[in-house]
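Visitor: Given chain A, work out where chain B should sit, using these hints.
Read off the chains here:
Number of protein chains: 2
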Amino acid sequence: MLERFLVPEQARVFVQPESMLQATIEIFEKCGQSAEDAALSAEVLLTSDLRGCESHGVSNMLRVYVQMYGDQEINPTPNVRITRETDVTANLDGDTGLGLHVLPKAMEMAIEKAEKHGMGAVTVHNSRHIGMLAYHSMMPLEHDMIGVTTTAGNPLSMVPTHAAEKMFATNPWAWAAPARNEVPFVFDIATTQVAGNKLRLAERIGAPMEPAWISDVDGAPIMEEAPLPDDYMMLPFGGTREQGSHKGYGFAAMAEIMAPILSGMGPGFLMPPSPRTIMGHYVQAIKIDGFIDPEQFKDDMDKLLGGLRNAKPAPGHDRVVYAGLPEAEEVEIRKKEGIPYHREVIEWFESVKAEFGLGFELV
Amino acid sequence: MLERFLVPEQARVFVQPESMLQATIEIFEKCGQSAEDAALSAEVLLTSDLRGCESHGVSNMLRVYVQMYGDQEINPTPNVRITRETDVTANLDGDTGLGLHVLPKAMEMAIEKAEKHGMGAVTVHNSRHIGMLAYHSMMPLEHDMIGVTTTAGNPLSMVPTHAAEKMFATNPWAWAAPARNEVPFVFDIATTQVAGNKLRLAERIGAPMEPAWISDVDGAPIMEEAPLPDDYMMLPFGGTREQGSHKGYGFAAMAEIMAPILSGMGPGFLMPPSPRTIMGHYVQAIKIDGFIDPEQFKDDMDKLLGGLRNAKPAPGHDRVVYAGLPEAEEVEIRKKEGIPYHREVIEWFESVKAEFGLGFELV
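Chains A and B, in that order, give the protein sequences. The letter at position 180 of the first sequence is residue 180 when you use the numbering used here, and the numbering goes up by one with no holes. The letter at position 211 of the second sequence is residue 211 when you use the numbering used here, and the numbering goes up by one with no holes.
Bear in mind the hints are in silico, worked out from the structure with no lab data behind them. Heads up, some of the hints might be wrong.
Copies of the same chain look alike in the list, so a pair counts if it fits in one copy or across any two.
Stated by the list, open to error - Cut-off 16 Å, straight-line C-alpha distance, at most; resulting in silico cross-link-like pairs (EDC-like, lysine to aspartate or glutamate): (1) Lys116 with Asp87; (2) Lys312 with Asp216; (3) Lys312 with Glu165; (4) Lys116 with Glu295; (5) Lys312 with Asp218; (6) Lys116 with Asp144; (7) Lys166 with Asp218; (8) Lys335 with Glu26; (9) Lys105 with Glu85; (10) Lys166 with Glu115; (11) Lys166 with Asp71; (12) Lys116 with Glu85; (13) Lys303 with Glu344; (14) Lys105 with Glu224; (15) Lys166 with Asp231; (16) Lys166 with Glu108; (17) Lys116 with Glu242.
For reference, chain A alone in the conformation it holds in the complex:
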């Protein structure tokens, strides 16, 4: 992440991953999830926090999930069922369950189909937020498979190139591919210039927006560096047409097509404004052995990733990284030192603990 998104040093409280995992499990169980689903949901959020991707960890979305459970906008005990299935594809009804624990079941199906036939893809409709996409895309790695995830729906935040109204959510994509000795390639991005949760994080820490990160309410890109205004829309990555915003717009549209539309929900901009976060998802597992020997693939991945890591850096930079490398390094650091949360996040956990009468100890 860019420096500006880090929690400022004076506001940091370090928490051991196990303590935060336990706290998060207790909260999800209090929301009505089964012990198994709560453990899985918490693992998805903590994997995000461990990887230094706190925009998608417990800091931002957990409080939204809690509100949604309280307002009956998420079903804590969904009856996930198959609505269509072929050898290598399936569509699941998520029964308004939280994507954090519903989507791993879809990816497990995709992996099973890929194991048998070479490839598998599963869509999920009628679901909710899935957290960090990388979690789901990384599931196939241990099976010598490549993983793909995308999701889209509502609420809307992104204005298409040259438009003056929001037509998409942040419509992210994540791809993961295994290597042998190098840490795996794990690429997880919003198709907006900046992830929505990162904007909320920036707001909390008072970080300014770069030019062309967001547009004004008429759709014109804001070209000055400034704090987040009250009203704005998110631009597709690229920002302006000259800098390729049609590419971000195109990948956003493909997420819309592969997730809510292919799962039968229709486009996000026609969904009702309530409940919050109505999402469709798409996951795919690709068995490397269906194309070449996985051992050769992993050797070649080491050549690719090692070559990138050892590429000559540009002036002002001390090294070249690839997607997944800094995140894997951060996991090692945070497992030892704990995860740095903003003091305000810890205060929220303490208030929930008191309100729900829970037993966890964060620090």
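Guide: This is chain B only, laid out in the frame that chain A set:
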């Protein structure tokens, strides 16, 4: 395309598509291709010119192909064979044949597998340039399928974020999805800021580069608007890290993984500098019926694409378009008015006609 990439009015020569198709077929046959392969190769190039994507039509690459055939760097009669196959995947040895006519065979296989099982994906190794990716991704449309294409290899042109050396080609992706009454969504992009062929086109017509389109030889983004310098590298889309170049870099790396690496060729930066354009490819066909009723899908696509087309435009813009719409409109115009080529391109055709003793008449 941006205005600056259009052929200047005073240099335009309009040619009927049928005349240019015939000329191109004759040239490919003279290069040793079979009548069938020549017709297919020419169709791929002319589809590009008709769609207003002249960067990938006959203007730029045809002369390179002719040189490569002359230098025995492309096999005009490749024996394309399957090296690995499962229910839904396959890997093909392209036998150094031109991707223009080799890749449609791979996509046909993917479509056949998708028809039977719900999805199909085929990699091709040991192949050459495939022209406009959209051609291949559009093949599944008439079968009510979604198409995906990516390709990568050598020559290198792209410098990864914060690096000082070229590590990738332009590593493009194309996705296509059918609709009912709206023209299909067809999204075809380089993961560089600008397609390599567009830079050559800009050079021919003297168009300036935007800031952050290219880097200097040390990898630092060139932030002034200026003509193409002699030595430069192409930046990933996004341009600078602050504007999200790590997203272009990530999609470039995924193209590298899905095409040359998954097909068994290893990374492009380890390939020999000769012959020119050593490429691996990846195509995928996704049968909509494996997830939902294709009729519902096409209705929902009309809602999505119609909604985008009718979205309120931003100040200074008279409409919102989606990927594939301007291209489909251009086809209608060019079928009537002919295709505008740069005078210099016509001169090249006339010189080849004389050199090879061919019979075509362009104007």
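Visitor: Give a verdict on every hint.
Guide: Now for the hints, and whether the structure bears them out:
For the homomeric pair lysine 116 and aspartate 87, the shortest alpha-carbon distances inside one copy (9 Å) and between copies (9 Å) are both at most 16 Å. In the homo-oligomer, the alpha carbons of lysine 312 and aspartate 216 lie at most 16 Å apart only across protomers (14 Å), although the nearest pairing inside one protomer, at 39 Å, exceeds that limit. Proximity of lysine 312 and glutamate 165 under a CA criterion of 16 Å is satisfied inter-copy only: 6 Å between copies versus 43 Å inside one chain copy. Neither within a single protomer nor between protomers do lysine 116 and glutamate 295 lie at most 16 Å apart by alpha-carbon distance, with minima of 19 Å and 29 Å respectively.
In this assembly of identical chains, the alpha carbons of lysine 312 and aspartate 218 lie at most 16 Å apart only when taken from different copies (9 Å versus 43 Å within one copy). Only within a single protomer do lysine 116 and aspartate 144 lie at most 16 Å apart by alpha-carbon distance; the minimum there is 13 Å, versus 25 Å between protomers. For the identical chains of this complex, lysine 166 and aspartate 218 are intra-copy neighbours only, at 10 Å inside a copy versus 39 Å across copies, given an alpha-carbon limit of 16 Å. Taking the closest pair of Cα atoms, lysine 335 and glutamate 26 never come within 16 Å of each other, the shortest separation being 21 Å inside a single copy and 65 Å across copies.
Within a single copy, lysine 105 and glutamate 85 get their C-alpha atoms as close as 15 Å, which meets the 16 Å cut-off; across copies the closest is 28 Å, which misses it. With identical chains, the CA atoms of lysine 166 and glutamate 115 are never at most 16 Å apart, being 40 Å at best within one copy and 36 Å at best between copies. In this assembly of identical chains, the alpha carbons of lysine 166 and aspartate 71 never lie at most 16 Å apart, being 26 Å within a copy and 53 Å across copies at closest. Proximity of lysine 116 to glutamate 85 under the C-alpha cut-off of 16 Å is found in both arrangements, the shortest distances being 15 Å within a copy and 13 Å between copies.
Proximity of lysine 303 and glutamate 344 under a CA criterion of 16 Å is satisfied in neither setting, with 44 Å inside one chain copy and 42 Å between copies. Taking the shortest Cα distances, lysine 105 and glutamate 224 never come within 16 Å of each other, neither inside one copy (44 Å) nor across copies (50 Å). Taking the shortest Cα distances, lysine 166 and aspartate 231 sit within 16 Å of each other inside one copy (12 Å), while across copies they are farther apart (41 Å). Taking identical chains as interchangeable, the C-alpha atoms of lysine 166 and glutamate 108 are never at most 16 Å apart, the minima being 34 Å within one chain and 38 Å between chains.
Taking CA atoms no more than 16 Å apart as the test, lysine 116 paired with glutamate 242 passes in neither setting, with 45 Å inside one copy and 43 Å between copies.
The structure does not agree with the numbered hints 4, 8, 10, 11, 13, 14, 16 and 17 stated previously, though it agrees with the rest.
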